[in-house]
Amino acid sequence: MAQVILFNVTNGLIIGAFYVLMALGLSLILNLSNVINFAHGNFLALGGYLAFTLSPTLGYWGALLISPLLTALIGVAVERLMIRRIYNRDPVYSLLLTFGLAFVMQDAARYIWGPNGLPMGLPDALAQPVTADLFFITWYRIFMVTIVIVAVIGLFAFLRYTRIGLRIRAGTLDLETVASLGVNVRHLRTFNFAVGCLLAGLSGVLAAGQIGLNPNMGDDLLMPSFIAIIVGGVGSLIGTLFGGLLIGMAAALTTVFYPAASEAVIYAILMIVLLIRPRGLLGEEGMLS
Amino acid sequence: MSVATLTSVARFPEGRRPLVLIAIWAVLLTVPFWLPLLGGYTALAGRVLVFGLAAMGLNMLLGFTGVLSFGHAAYFGLGAYGAGLTLRYLVHSTPLAMLAGTLLGGLAGTLFGMLIVRRRGVYFAMCTIAFGQLWYYLAYSWNSFTGGFDGLRDFHREAVGFGPLTLDITDAGTPFYYFLLAIFAAAVALMGLLLRSPFGRTLLAIRENERRARSLGIPVERHIWLSFSISCFFTALAGTLYALLNNFADPLALHYSLSGYFVVMTVIGGMRTFWGPLLGAAVFVVLQDYISSMTVNWMSFIGAIFILVVLFFPRGLLGTRRRIAAT
Chain Z
1 MAQVILFNVT
11 NGLIIGAFYV
21 LMALGLSLIL
31 NLSNVINFAH
41 GNFLALGGYL
51 AFTLSPTLGY
61 WGALLISPLL
71 TALIGVAVER
81 LMIRRIYNRD
91 PVYSLLLTFG
101 LAFVMQDAAR
111 YIWGPNGLPM
121 GLPDALAQPV
131 TADLFFITWY
141 RIFMVTIVIV
151 AVIGLFAFLR
161 YTRIGLRIRA
171 GTLDLETVAS
181 LGVNVRHLRT
191 FNFAVGCLLA
201 GLSGVLAAGQ
211 IGLNPNMGDD
221 LLMPSFIAII
231 VGGVGSLIGT
241 LFGGLLIGMA
251 AALTTVFYPA
261 ASEAVIYAIL
271 MIVLLIRPRG
281 LLGEEGMLS
Chain L
1001 MSVATLTSVA
1011 RFPEGRRPLV
1021 LIAIWAVLLT
1031 VPFWLPLLGG
1041 YTALAGRVLV
1051 FGLAAMGLNM
1061 LLGFTGVLSF
1071 GHAAYFGLGA
1081 YGAGLTLRYL
1091 VHSTPLAMLA
1101 GTLLGGLAGT
1111 LFGMLIVRRR
1121 GVYFAMCTIA
1131 FGQLWYYLAY
1141 SWNSFTGGFD
1151 GLRDFHREAV
1161 GFGPLTLDIT
1171 DAGTPFYYFL
1181 LAIFAAAVAL
1191 MGLLLRSPFG
1201 RTLLAIRENE
1211 RRARSLGIPV
1221 ERHIWLSFSI
1231 SCFFTALAGT
1241 LYALLNNFAD
1251 PLALHYSLSG
1261 YFVVMTVIGG
1271 MRTFWGPLLG
1281 AAVFVVLQDY
1291 ISSMTVNWMS
1301 FIGAIFILVV
1311 LFFPRGLLGT
1321 RRRIAAT
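Residue numbers (the working numbering), protein chains in the order written: chain Z, 1 to 289; chain L, 1001 to 1327.
To be clear, the hints were calculated from the coordinates, so they are not data collected in a lab. Each statement offered as a hint is correct.
Derived DEER-like restraints, expressed as beta-carbon distance ranges:
#1 L/1304 / Z/132: 51 to 61 Å
#2 L/1294 / Z/132: 54 to 64 Å
#3 Z/145 / L/1294: 40 to 50 Å
#4 Z/150 / L/1199: 51 to 61 Å
#5 L/1171 / Z/111: 35 to 45 Å
#6 L/1040 / Z/124: 54 to 64 Å
Listing some non-contacts, in silico: residues in chain L with all C-beta distances to chain Z over 12 Å:
#7 1038
#8 1095
#9 1099
#10 1150
#11 1172
#12 1173
#13 1185
#14 1193
#15 1294
As the structure is a prediction and not an experimental result, all values here were calculated from the model. We put the beta carbon where it would ideally sit given N, CA and C, even for glycine.
Kindly produce the complete structure, drawing on both the sequences and the hints.
Written out as structure tokens, the structure is:
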């Protein structure tokens, strides 16, 4: 039993880590630009597929480094060409736009890389279990969680200690004032969108090693990420972090006792939070409302 | 923006002008006669009516209250499953199935609306999406009851009426189309009355300026909640018709993609107009039917429609006509 619980706790930690990376990117874009990026799961898939294509030439480590950056670059292009045009319009347009974008990106991935799942090769060192007893804890899983922790700490340090980070945080609270202080808000939003896509691309590369690649690999992560943001509280990145871990762990622990309800428990948490603390665990009243 | 808004308020509801009304109903009533000549089939027209009603229900919230729900497929699908499950497990009665489905979807919307009525904008939309997916997963995973991913089968619509007044709608032909049209007409008439009533005008006031409406003593939250709830009832009714139309209910009727379709239908037609969503549904359903028969890459085309509509055609067909008329 202890082994089963440990197994699922490890799973929960890993799923939660993916939710966190996805949700942090979504949350960044939502907070600064007021856009729900339906295509975020497709940026995740894009990162994974790019790594798949690049790793024969660059090796795994090179692909791990380069593909998130390329994903971010494509994010910049998408933001400049399309998303920036709808910033000052009714939210219905941003939702429709990213929704359509998600369709196009998913179909493009299917067209380029084929509809069937592809395996992502891993370096031998990472594929081994750490010990024979705990076969489910491979080095890859430890590596994955480490990377996520480093990325999250990096993101928070960046937002806290750099000038651009400060501007992003200030823009979340009051974009007009930030603009009137002479900050180029257009560039700030583009950059912020790129950071969100970078996180999505990174989680795509990591997820590819764990679950393999398929054109709609990001879809299953999208809805829990939305819920992580609502549960954590819109406007709070720390909230998003806890929200993601909370629902990842809750889903995994439910799997131990009643597997069929593992999806339902996420929604149960959502309902409870909306019922007793509508602003979310760490959200501030009045954010985006 | 403000000029267009003012004219649309002043001219509301455009559906009242007799000529427009006569034209719309003449087209709808004669569908079985002219559609086959154009190479269409009557079931396609049925689908336009069903999706049109769902989108018009959504538009009551989106266009006439100014609140964005991106999760209306949930209530549509609940309507469909409510009707399907009733026909399959409880009684072989079309009207009772429609009643059950409408109540299921509408009440779910009413309860959920209570939770999120204070949220606004994208946050409101995000809550509606997330909550909508709950039903998708439920239908998807409760295999023994709902048929899971394959959908709910083994039920079919029954003839309606009593004795000599029985209308046999079990065939997919013309009688069923007129049955759908009758339900559609009744629902749309009710919706028109609601929007024309003081309640409907209050919704417009909230859409135009929520703060001012509040300072006039209008209970804004209660109105938005009512609007959300009523809109869910209409969409659920459309969902029951969808189950009757296909003799089938599947989880995709609950998926947020369908919510996106409803929103894009509304925007294509013109979301501040009464009849816009029906026109948008007609355009979208026909395009989708055509594209998916032509290419396997239909997703790209549908996605491109979304993107093009947002970037180049945000006011929609009727919205554009109105703007040209105003200038």
